[in-house]
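Student: Respectively, the protein sequence lines represent chains A and B.
Just so we're aligned, residue 1 is where the first sequence starts under full-length UniProt numbering, counting upward by one.
Just so we're aligned, residue 1 is where the second sequence starts under full-length UniProt numbering, counting upward by one.
In case anyone wonders, no lab produced these hints; they're calculated from the structure.
Note that the structure is predicted; figures quoted are calculated from it, not measured.
Honestly, I wouldn't trust all of these hints.
[Claimed, not checked] Cut-off 27 Å, straight-line C-alpha distance, at most; resulting in silico cross-link-like pairs (DSS-like, lysine-lysine):
(1) A:LYS52 to B:LYS113
(2) A:LYS54 to B:LYS113
(3) B:LYS52 to B:LYS113
The lines below spell out each chain.
2 protein chains.
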Amino acid sequence: MLNIIPSLLTIGNFLCGMLSIFSVLHQRIGKAILFICLGCLFDLLDGRAARKFKATSVFGKELDSLSDIVTFGVAPAVVIYNIYSETLGSAALFMALIFSISGLIRLARFNAKHSGLSTFIGMPIPVSAILLIVLSFVLKPAYLVVATILLSYLMVSHIRFPSFKKKHMRVEKG
Amino acid sequence: MLNIIPSLLTIGNFLCGMLSIFSVLHQRIGKAILFICLGCLFDLLDGRAARKFKATSVFGKELDSLSDIVTFGVAPAVVIYNIYSETLGSAALFMALIFSISGLIRLARFNAKHSGLSTFIGMPIPVSAILLIVLSFVLKPAYLVVATILLSYLMVSHIRFPSFKKKHMRVEKG
């Protein structure tokens, strides 16, 4: 029975992504951002729970990526697009699309080519999502466009980033 | 060079999902539905292109599922939620979440347990998405809630559905 806890936590992450998008529809941007951060928490917990309950599986890994694209790829893009679509026009659309498409490619590659290393190849999408949101508050719009391109590049790059949660173990054990 | 065409078509599907959600933000529901239908077209073409150009791969399969959850899981849920959130309140939220979570589970299971059969186990998510949208026009709200529960059940069920595009071959060949 305990072995469904990791999947429930992953679904919790997905739920946060959906609620973040719905919050944007109601123009509740603060709430939308809060749900993305809460999604991060669920994302940190699901891998740990899977290892703790020895419930690592391919199904869990797939569920994880599918949730990640929604909470850390789509939801931040919707937030950024909603904030800047009136002032930046097509540049806001460009930022939202380049960020989410890079996240998509990163997640597909992460699942397909499992390195087994203790590092991530390319910046993990939750990190990029949080950085995008933080930068959207501190940077002027023109610099934010540049920062979004840089974050998008870092996600699909082959630069190694440290893995604090050792998420890759979920597959190897599964 | 031709072998990147299937992935570009899949990214086209993802792009349709994103543009559908952005259209809802601008209250352009017709446009949002049109993008979901266009996503269906890209989804039908990518598998065929992969087989034609002998470019089937695990990366392509992962890209496909990640795009499907956005275009056929998240976007229809956002459309339905936006149409009914004022009139149905929490029932609209329930419909949107049960549909998208069932789609999520269906896609994760589809990737994890590849049957190799010429049928789909559980209703494919693009079919459910199109049916949900069609039914939202013809059914009264109370019946739509019931229909959404039924569609969600059919996605996660073990009922076999015919596969017209033989999408599963994408993995077996990859």
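Student: Taking the hints in turn, state whether each one holds.
Tutor: Consistency of the hints with the structure:
no. : hint                : verdict
1   : A:LYS52 to B:LYS113 : holds, 23 Å
2   : A:LYS54 to B:LYS113 : holds, 19 Å
3   : B:LYS52 to B:LYS113 : holds, 25 Å
Of the numbered hints listed earlier, not one is contradicted by the structure.
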